[in-house]
Amino acid sequence: MNFTPAVDVLVIAMPLAYAMLIILYGRAFFAGNRKAEELAPRALMTVVLLHFLYVGLRTAAFDHPPVTTVFEIMTMLALCISVAYLYIEMRTGTSSTGFFILSLALLFQVTSSTFIRDPGELDPILRSNLLGFHVTSALLGYTAISLSAVYGFLYLLLYREIRTSNLGLIYSRLPNLETLEKMSYKAMVFGFLMVTTAILIGSIWLPRAFPSFSLWDGKLIGTMLVWLLYAAALTANKALGWQGRKTIILSLLAFGCLVLEMSIINAFGDTFHSFQ
Amino acid sequence: MDLFSLSINHHTAPLEVREKIWFSEEEARSSVHRLKGKFFRECMLFSTCNRTELYAANPRGHAGAADLSGFLIEMKGAGGSVSPDHFVAKDSEEVLTHLFRVAGGIDSMVIGDIQILNQVKEGFRFAREERTLGPVLNRLMQHSLRVGKRARAETSISEGAVSVSYAAVELANKIFDDLSTKSVLLVGAGKTGELTLRHLISKGISRIKVANRTADRAQEIVSTHGGIVVPFGQIDAALSEADIAITSVTAAGPVINAAMVARAMKIRKRDPLFLIDLGVPRNIDPEARRVDNVFLYDLDSLGTVVNRNLGKRADEIPSVEAIVKEEVKHFVSWYSSLQVGPTIQELLTAVESIRSGEVQKNINRFNAEDRELVDLVTKRIVKKILHQPIMTLKQQSENGSVRGEVLEHIHALREIFGLGRQDYDE
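Residue numbers (our numbering), protein chains in the order written: chain A, 1148 to 1423; chain B, 3 to 428.
Derived from the structure by calculation, the hints contain no laboratory data. Backbone N, C-alpha and C define an ideal beta-carbon position, used for all residues, glycine too. Careful, some of the hints might be misleading.
[Unchecked claim] Cβ-Cβ distance ranges computed for the label pairs, FRET-style:
id	chain 1	residue 1	chain 2	residue 2	range
1	B	Ile116	A	Phe1177	19 to 29 Å
2	A	Leu1163	B	Ala316	19 to 29 Å
3	B	Arg133	A	Leu1196	56 to 66 Å
[As the list claims (entries may be wrong)] In silico lysine-lysine, DSS-like type, Cα no more than 30 Å apart, as pairs:
id	chain 1	residue 1	chain 2	residue 2
4	B	Lys314	B	Lys331
5	B	Lys268	A	Lys1393
6	B	Lys151	B	Lys123
7	B	Lys396	B	Lys385
8	B	Lys314	B	Lys193
9	B	Lys205	B	Lys271
10	B	Lys327	A	Lys1329
11	B	Lys363	B	Lys151
12	B	Lys327	B	Lys314
13	A	Lys1333	B	Lys151
14	B	Lys363	B	Lys396
15	B	Lys314	A	Lys1182
16	B	Lys151	B	Lys40
17	A	Lys1385	B	Lys381
18	B	Lys78	A	Lys1182
19	B	Lys385	B	Lys331
20	B	Lys40	B	Lys396
21	B	Lys386	A	Lys1329
22	B	Lys268	A	Lys1385
23	B	Lys331	A	Lys1182
24	A	Lys1393	B	Lys271
25	B	Lys327	A	Lys1182
26	A	Lys1333	A	Lys1393
27	B	Lys205	B	Lys268
28	B	Lys363	B	Lys385
29	A	Lys1333	B	Lys205
30	A	Lys1393	A	Lys1366
31	B	Lys22	B	Lys78
32	A	Lys1333	A	Lys1385
33	B	Lys327	B	Lys386
34	B	Lys268	B	Lys151
35	B	Lys123	B	Lys386
36	B	Lys40	B	Lys92
37	A	Lys1333	B	Lys331
38	A	Lys1385	A	Lys1366
39	B	Lys381	B	Lys363
40	B	Lys268	A	Lys1329
Bound conformation, chain A alone:
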């Protein structure tokens, strides 16, 4: 059966679905619209199901899960972020951070849908079990790190509002500072462990799979730099007793570097770690 036409439709539909979701969450957050607040969780569930369908159809159409190019990874990242947020929303019963977290999913999905191409013949290197573990742990890691960054960013906004007595929407709608800090920190620890796992698996698999493997590859250096920054943030928190704001600033710096690294190296860098 030919699934490609359905995939082609969903490539365009997914960013639109996410955009509508963001409008709903935005109306609930900024305008306090109760109807939007009620509709948003159901819409999220629908979008997540639609996204699973898209990933499933794509896997069936091209005979491999969409984890072999950076833009395939991006749609997987958007899906993971949405699923993680859906879980958080169901656990906590509040949807106040939805707009911010799902905006990130929208960003990844738009980028993915804009640049994604139908893959040609799959490189045999990529048919490896180790790749599956490497990609899964990297995906989980980057999802957690993205969530940590959003919670951290929201923490800084709320921190600023409370410190300056300039209380606005952020103050009214967001959870308390301690919760935001905890969420950001826990997601960061989980993300760090997962990325570490991805790096470890990568360091076993990559030299075997690629004759052109080099430790001085731009992508590896960039990833290690980001990893070191996260390690520094966690060490400062544990060993130096850095609370809240400082740890979060450091982790946001690391996240900024990560985004920069991904954009610059994927766009201009010459790396063996690219399969397009």
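Keeping the supplied structure of chain A fixed, place chain B upon it in accordance with the hints.
Structure of chain B alone, referenced to chain A:
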């Protein structure tokens, strides 16, 4: 519509007048009895710190606003200080709008005051226990409580702290996740400080330390609220162990300076510290707010929080007004159904629907030639059964309008046959 209300409130009279016409529970109970005997078949009365309100329906004869205000003034013996001009009287639909606005919290001195609904509820409870409610006021009570509940559930009219002490607690809830795991230090024994402490305790805080220049007063607070007394000279050390510190001291200069706060933060490994300065002049050096992870609020900044919340509540007034309007419409529609004509019509329709339903269900048990006869006979039976009650209703009413006992009969009839239930779901 035979509805009447009389109100003395913060819009119509100053506190020194309102307090003279304040009815205790006992006084309210005995007053409604006397009102029922003299003026109305249904009445209720309640007092709060900002208002005394009388609601009545189904009059026995003609009673004007002056008679009723005179009666209340006489009941309280307040002739010297309260005059009928301090009261505002309303009738018919205006009564509904007024009561529903009161229950919805938009007629209160502090918009969205959540206490008022309980006070309205209490007023109705006394009246019900004293048997001074009838069908109209019973229905009115259900509607007013419904307005109150809807206003709180569907709008933000009661959201946000509107007093300095509650504002401090609201902020604490925005900084900390679980207040029951936090500790508080109260410095000084000012009333607002103690009130803030009480609110924090109601939110679960149990680890309390109190420091005061006069140790006896600190001991007094501790024996009321729990906790331990720390010497006034050891605030420095106590600060490093507290998550929240409230200061309410009368002193010329700050009792907590920025260096003390910085030291405390170092010892507590920069865990967040919420400082609530309720003193005038201020008790905490404003420079302390520069220290990382310290949240310092004084009376001015807490006032900003209160004003912001009041502004947000005021924005919700139109939404509550819409609910009031909707419920007034529901009540008027119910009240109109109490008239003789519509009641007879609804009764006929209800009984006919039962008759025709049963005939349809069982018609196959009869021979084809008997079926028409069955229909005819059942119609006659129904007509004969309903003839007497319908004639009685028609005779009792004067030109179709009902008052007094007839209204109660109609209400009872409607209740027994479940008429009009589909129009308004309780």
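Here's how the hints hold up against the structure:
no., hint, verdict
1, Ile116(B) <-> Phe1177(A): 19 to 29 Å, "holds (27 Å)"
2, Leu1163(A) <-> Ala316(B): 19 to 29 Å, "violated (39 Å)"
3, Arg133(B) <-> Leu1196(A): 56 to 66 Å, "holds (59 Å)"
4, Lys314(B) <-> Lys331(B), "holds (27 Å)"
5, Lys268(B) <-> Lys1393(A), "holds (14 Å)"
6, Lys151(B) <-> Lys123(B), "holds (12 Å)"
7, Lys396(B) <-> Lys385(B), "holds (16 Å)"
8, Lys314(B) <-> Lys193(B), "holds (27 Å)"
9, Lys205(B) <-> Lys271(B), "holds (25 Å)"
10, Lys327(B) <-> Lys1329(A), "violated (46 Å)"
11, Lys363(B) <-> Lys151(B), "violated (43 Å)"
12, Lys327(B) <-> Lys314(B), "holds (21 Å)"
13, Lys1333(A) <-> Lys151(B), "violated (39 Å)"
14, Lys363(B) <-> Lys396(B), "violated (33 Å)"
15, Lys314(B) <-> Lys1182(A), "holds (19 Å)"
16, Lys151(B) <-> Lys40(B), "violated (34 Å)"
17, Lys1385(A) <-> Lys381(B), "violated (88 Å)"
18, Lys78(B) <-> Lys1182(A), "violated (50 Å)"
19, Lys385(B) <-> Lys331(B), "violated (34 Å)"
20, Lys40(B) <-> Lys396(B), "holds (28 Å)"
21, Lys386(B) <-> Lys1329(A), "violated (77 Å)"
22, Lys268(B) <-> Lys1385(A), "holds (15 Å)"
23, Lys331(B) <-> Lys1182(A), "holds (24 Å)"
24, Lys1393(A) <-> Lys271(B), "holds (13 Å)"
25, Lys327(B) <-> Lys1182(A), "holds (21 Å)"
26, Lys1333(A) <-> Lys1393(A), "holds (16 Å)"
27, Lys205(B) <-> Lys268(B), "holds (28 Å)"
28, Lys363(B) <-> Lys385(B), "holds (20 Å)"
29, Lys1333(A) <-> Lys205(B), "holds (26 Å)"
30, Lys1393(A) <-> Lys1366(A), "holds (27 Å)"
31, Lys22(B) <-> Lys78(B), "holds (7 Å)"
32, Lys1333(A) <-> Lys1385(A), "holds (13 Å)"
33, Lys327(B) <-> Lys386(B), "violated (42 Å)"
34, Lys268(B) <-> Lys151(B), "violated (48 Å)"
35, Lys123(B) <-> Lys386(B), "violated (44 Å)"
36, Lys40(B) <-> Lys92(B), "holds (19 Å)"
37, Lys1333(A) <-> Lys331(B), "violated (53 Å)"
38, Lys1385(A) <-> Lys1366(A), "holds (29 Å)"
39, Lys381(B) <-> Lys363(B), "holds (15 Å)"
40, Lys268(B) <-> Lys1329(A), "holds (21 Å)"
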